[in-house]
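Residue numbers (my numbering), protein chains in the order written: chain A, 1 to 326; chain B, 1 to 299.
Possibly wrong hints are sitting among the right ones.
[Claimed, not checked] Derived Cβ-Cβ restraints for the label pairs, each shown as a range:
| hint | chain 1 | residue 1 | chain 2 | residue 2 | range |
| --- | --- | --- | --- | --- | --- |
| 1 | B | GLY200 | A | ARG207 | 21 to 31 Å |
| 2 | A | ALA139 | B | LEU46 | 50 to 60 Å |
| 3 | B | THR127 | A | PRO261 | 42 to 52 Å |
| 4 | B | THR206 | A | GLU303 | 46 to 56 Å |
| 5 | A | GLY127 | B | GLY180 | 31 to 41 Å |
| 6 | B | ASP137 | A | TRP19 | 23 to 33 Å |
| 7 | A | ASP188 | B | THR291 | 24 to 34 Å |
| 8 | A | SER158 | B | PRO211 | 15 to 25 Å |
[To be verified] Partner residues aside, some chain A positions facing chain B, computed with beta carbon under 7 Å:
| hint | residue |
| --- | --- |
| 9 | ARG90 |
| 10 | GLY91 |
| 11 | PRO118 |
[Said to hold, decoys possible] Derived coverage of chain A by chain B (criterion: at least 3 residues anywhere in the stretch with Cβ under 8 Å from a Cβ of chain B; other residues may be distant):
| hint | segment |
| --- | --- |
| 12 | 54-62 |
| 13 | 106-115 |
Since the hints were made in silico from the structure, they are not lab data. Ideal Cβ placement from N, Cα and C applies to all residues, glycine included.
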Amino acid sequence: MSVPVIEVHDLRTHLVTRWGTIKAVDGVSFSVAEGETLGLVGESGSGKSMTCLSLVRLTPRPASHIVGGSVRLDGDELTTKTEAEMQRIRGRKIAMILQDPMSSLNPVFSVGMQVREPLAMYHGLRGATLTERAAALLASVRIPSPAARLRAFPYQLSGGMRQRVVGAMAIAAPPRLLIADEPTTSLDLTIQAQYLGLLEELQDRHRLAMIFITHNLGIVSRICDRVAVMYAGRIVEAGPVRRIFTAPAHPYTQALLESIPRLGARTERLTAIEGQPPDLARLPGGCSFAPRCPQVMDRCRTEAPPEFEAGPGQVSRCWLRAPAGG
Amino acid sequence: MPAEPLADRALPLPDVAARPDPAARGRRLPVVSLGIITIFVLVAILAPLLSPGDPGEQSLRNRFKPPVWMEGGSSRHLLGTDRLGRDMLSRIVWGSRVSLTAGVVTVLLASAFGAAVGLVAGYHGGTVDAVLMRVTDATMSFPVILLALILAVTVGPSFTNVVVAIAVILWARYARVIRGQVLTLMGLDFIAQARIAGAGAWRIITRHLFPNTLNTLVVLVTLQIGYVIIVEASLSFLGAGIPPPTPAWGSMISEGREFVTSAWWVSGLPGLAILLVVLAFNLLGDWLRDTLDPKLRQL
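Generate coordinates for the entire structure from the input sequences, incorporating the hints supplied.
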């Protein structure tokens, strides 16, 4: 594997609320290399988005704080940077695509003005060159007749089209790392597939490291190289996409996979994961999945499991994987 | 990847200019209110040309001359004269300058300051927001008339004091409305997207938040001009506004109030002028609100 673009080690982000301190991101470690895609999977509230917002230090303030860990972008530590330095990293080095295409563009400015903005900001372009580059950028996200689209306003474009514009703005720098936070959730299926294809294409062209946040395992199997499954602020299992789908080690991952409907499978009912996602303010001691785990053992309720090797490149935070006698 | 263009195939882009805005369809321009406002603005600008005489020239022999259409009226004084024999038409024409200038200047000052406060409060949230909004609440609870009276008594009545007194209170309204809008905008993805793209506070406020509050601001400004004209007139009526001999509609009403039964025109005509202007601004404001954003009903 090549050198990692982003290395996250033991990242901890806490949210202070009136119900207590929530460990939204609780010791997360991962790395993504050039041209590689990491899928970040988990239920709502499992800390996927908080993890990614922590990378660019844009978690909601003043409630949340990064309390520990390190984030290195091309070897450069981000957690100790000043706000001014971070502003030069956001967009230029790390870009992000959010999920709601309806509100991701400023409604009062034309597409052209919005696409030109990052180009002017990052590359100092002006005038005709700027407009040319903006049109080229739209063309690169496969927007037809880009010169005409520059004059359009967001309300004149479809959701898929807007999401492409957002994609174009995200790669304006181009960045080193692209974080896509469920960018296809509100698109319909055919447009979804096309958008994923586009993301892959952009990734190839710019050798982007990509983090893809989703709860859609189908998308994961399609575009990700590796997967990290998050539960209650922790990565409970991580590994190559093929391993996770064929030999999931953690009971939570297994349960997630069983809850996907399969075409042609002759099961009567889909398996649901018993119980509710945990209250992050009152996490049980030990493994946070223990109360819902079908294979729970006494040890799980008292001791939080460390990472265990579960296969080639695959780790699982589960006592089931503890080496015998461990 | 297929080289062929993906979905959202090139449809001809609808021509924005040629297509009627759906919101404006069926709602024609408010010709009447625009007409009234235009006339009064022209009158105010061209006062030296339009005024038939000197608004301050007294003629005690010609006191309480009725308007031309009434018995005893003369074409020398089309709208009659007041108790000092001054020409009513000239005074109303010159008075339009005071009212309109006071309205526009005050509202511009108040809206600029109020919008800035609202933008900053809504953008920063937390303590900044709490402090600014408590100041806003305190300001809103202070009566304009009282402040103006205090200023008039201590510093003496003047045009500047009227503008300052009203603006110092009026900004709070803008701050509150704009802050509310900013709070909604802050939750939208394009703000988050701008932040992630590396935009700082100044850029987000000026490029993303402010332009999106302009609709509201324009509506509020238009509606408030009428309100300020009334407040200015009330202050002048109370003697805390524009000091004599400058003709102001409010003080003209006040001067004529003892003679309403015998010479109604001295109070009635400036009153009518106020009514027309304020009504015109309010109708225009309503129309703007309905056209720009029907969701702004609460303004």
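Evaluation of the provided hints:
1. B:GLY200 to A:ARG207: 21 to 31 Å: 29 Å, holds
2. A:ALA139 to B:LEU46: 50 to 60 Å: 55 Å, holds
3. B:THR127 to A:PRO261: 42 to 52 Å: 49 Å, holds
4. B:THR206 to A:GLU303: 46 to 56 Å: 54 Å, holds
5. A:GLY127 to B:GLY180: 31 to 41 Å: Given a distance of about 39 Å, which is inside 31 to 41 Å, the answer is holds.
6. B:ASP137 to A:TRP19: 23 to 33 Å: 29 Å, holds
7. A:ASP188 to B:THR291: 24 to 34 Å: This hint holds: roughly 33 Å between Cβ atoms.
8. A:SER158 to B:PRO211: 15 to 25 Å: 23 Å, holds
9. ARG90: At 4 Å from the nearest chain B Cβ, A:ARG90 passes the 7 Å test, so the hint holds.
10. GLY91: 4 Å, holds
11. PRO118: Hint on A:PRO118: holds, closest Cβ of chain B at ~6 Å, below 7 Å.
12. 54-62: holds (count 4)
13. 106-115: holds (count 4)
No hint from the list above goes unmet by this structure.
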